[in-house]
Amino acid sequence: MNSIKNIIGYIWAVAAILLIIVIFIGSDFLSKKFVEASGLKVSPLYTGGETLRVVEKNGYKMTIQKPVFPALIGENADGFVQIVLRSETGFADVIEERIDYDGNAGDDFLIKIDTKKSAAEVSSCDGRPVSLIKLYSLKNGWAVRVRVKNERK
Amino acid sequence: MNEINKPQSGSEKIGAIKSFFIALPMMLLTLLLLSGGKKPSDGYAFVALAATYILFNSIFYLMVKTGKTDKYRLPLYFTSSILFVFSFISHMLEARGSMAFTDDTLINCQIPFCHIATTMMIIPAALTKTIIFPGTMIGGYASIASMLVVWIGVSLSIGRGWCSWGCFFGGMDDGFSRFLKKPVIAKISENLKYMPYAVLLTVALTSAVYLSPTYCEWACPYKTVTEYQSVTSIESLIKMIVCVSLFISLVIALPLLTKKRTQCALFCPFGAMQGAANYISPFDITIDREKCVKCMACVKNCPTLSLDEACVKEGRAAITCVKCGKCVDICPKGAAQIHIKGTIYGLNPTAKRILFIYAAFLLFATFSGGWFQASLAKIFKLIATGVI
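Taken in sequence, the protein lines are chains Z and S.
Taking the numbering used here, the leading residue of the first sequence gets 26, the next gets one more, and so forth.
Taking the numbering used here, the leading residue of the second sequence gets 9, the next gets one more, and so forth.
Keep in mind that the hints were calculated from the coordinates and are not lab data.
Since the structure is predicted, the reported quantities are computational estimates derived from the model, not experimental observations.
Please note: incorrect hints may appear among the correct ones.
[As the list claims (entries may be wrong)] In silico DSS-like pairs for lysine-lysine, Cα to Cα no more than 30 Å straight-line: (1) Lys299/S - Lys164/Z; (2) Lys58/Z - Lys47/S; (3) Lys159/Z - Lys247/S; (4) Lys47/S - Lys174/Z; (5) Lys30/Z - Lys247/S; (6) Lys76/S - Lys66/Z; (7) Lys30/Z - Lys308/S; (8) Lys137/Z - Lys82/Z; (9) Lys73/S - Lys30/Z; (10) Lys142/Z - Lys247/S; (11) Lys30/Z - Lys47/S; (12) Lys57/Z - Lys321/S; (13) Lys159/Z - Lys47/S; (14) Lys341/S - Lys30/Z; (15) Lys66/Z - Lys137/S; (16) Lys321/S - Lys141/Z.
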């Protein structure tokens, strides 16, 4: 019994060495397989959520992302909608955009960005409460996070 | 003295030719792994590859020949962590012009992932299938998936040996803890050993509640020498003060004064979690009770407080052991040994030690080889041309 345990022990130790070689040589392959198998992705709290639609505007592109209601279990009562504006040529001093994030063909809120002062304002278009969480200054644009209520809660 | 009665120690010297042949597989593997099977991009990269290759293999050869593990591991590991910081900062300066991360970095999820963040990811990942970290899953610099794959593999292989051979930060407090000959603060309360578990519990729970990596944001000392949030508010200023204070105290001052790895042994939540990986690793540190003369040199010198009188009595290091090899090096009777679970105690300690250093050194060489070479190439270029 002891000699079997002894042999298994040495095999285990050699396998531990081979494992180190395998994880480094196969790092790219294993990483992809790990993501596929686990289904893990970066939290929408950081990515801003999936893209709802992209709108081409005069001189810039606006990406409206799906509302995110982050919670450890289920959904939170409060969440946010992220709007990203990118331009290769620059922006006007003030940008105003009406956003429909729930796809009901009606505007939900209005965002106003003062690009000179790096400031933003948000106001509701349909009476539902909204507020500005943060305006992010990007290399070639702006991102706005607007606090919204979860209709399902 | 016949073969059977001859004391067997894990630190026995081996002849030069035998050592060369034992080190030969490492020479071949590191040539492949360090070069990635590609030609270096320019002359500086070639010299850096050659220097790294020769240095790493000389150190490994000396480990085999002299029977000493920690004696050669430590200077290389310390150098590696300093070069990591140099490489990381220069990469950040090239990529974004600053060590501070910006809104752009956050919104585009471009923060490099660090293994310490794993402690905060597990509960949210299990419940929401998402990673609460602004990094990339695949591709880019230090992606989440590649770090997780390496972490899982290393945990299965050498367990918490990660903290002495893999962690790119561990070399700092490890190095500072060896600067003085004698500790200025000789006694550290035994109860402090439980501190990392309290930190782990706190950061795991707060991260789950706030869905945000709280340790990274509020308490990581290494932000001081890698990247940090731009100071734009009172909150970000407080975060910065906390991180810098922790770095100065836990990574520099206390290791110098106590000769212990205080950040790793008393604060790091990853270290606390990684201890569990010692259960699944084939390697552990044992103390032969028949050979042990209870001099307690191992207890006094263990940099992570993983050995105490109870461990010596029991003949095994605590689960917090980082497998640095210090106790094996200094034991005057060869009682402290690197052991392979399941095998017969005390038999073939040199073979067991060599199997362990193969796994551990391969991890070190492959993981740190990239930034080691990149940093050396930059330093050589700086010396030759005056610009990085």
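Comparing the hints with the structure gives:
Restraint check for Lys299/S and Lys164/Z: the C-alpha separation of about 65 Å exceeds 30 Å, so the hint is violated. With a CA separation close to 28 Å, the supplied pair Lys58/Z and Lys47/S stays within the 30 Å bound. This hinted pair checks out: Lys159/Z and Lys247/S have alpha carbons roughly 19 Å apart, not beyond 30 Å. Between Lys47/S and Lys174/Z the CA atoms are separated by roughly 56 Å; this puts the pair beyond 30 Å, and the hint is violated.
Taking the CA atoms of Lys30/Z and Lys247/S, the gap is near 51 Å; set against the 30 Å cutoff, the hint is violated. Annotation: proposed proximity of Lys76/S to Lys66/Z is violated, straight-line Cα distance about 44 Å (limit 30 Å). Among the hinted pairs, Lys30/Z with Lys308/S is inconsistent with the structure: their alpha-carbon atoms are about 33 Å apart, more than 30 Å. Distance restraint check for Lys137/Z and Lys82/Z: the Cα-Cα separation of roughly 15 Å lies within the 30 Å cut-off, and the hinted pair is therefore satisfied.
Of the pairs offered as hints, the one joining Lys73/S and Lys30/Z holds, with about 29 Å between alpha carbons and a cut-off of 30 Å not exceeded. With a CA separation close to 26 Å, the supplied pair Lys142/Z and Lys247/S stays within the 30 Å bound. Between the alpha carbons of Lys30/Z and Lys47/S the distance comes to roughly 44 Å, so the proposed pair goes past 30 Å and is violated. Straight-line distance between C-alpha atoms of Lys57/Z and Lys321/S comes to about 47 Å, which puts the hinted pair past the 30 Å bound.
Among the hinted pairs, Lys159/Z with Lys47/S is inconsistent with the structure: their alpha-carbon atoms are about 47 Å apart, more than 30 Å. Of the pairs offered as hints, the one joining Lys341/S and Lys30/Z holds, with about 27 Å between alpha carbons and a cut-off of 30 Å not exceeded. As the CA atoms of Lys66/Z and Lys137/S are separated by approximately 7 Å, the hinted pair is consistent with the 30 Å bound. Proposed proximity of Lys321/S and Lys141/Z is contradicted: the alpha carbons are some 71 Å apart, above 30 Å.
Hints 1, 4, 5, 6, 7, 11, 12, 13 and 16, counting from the list given before, are not met by this structure.
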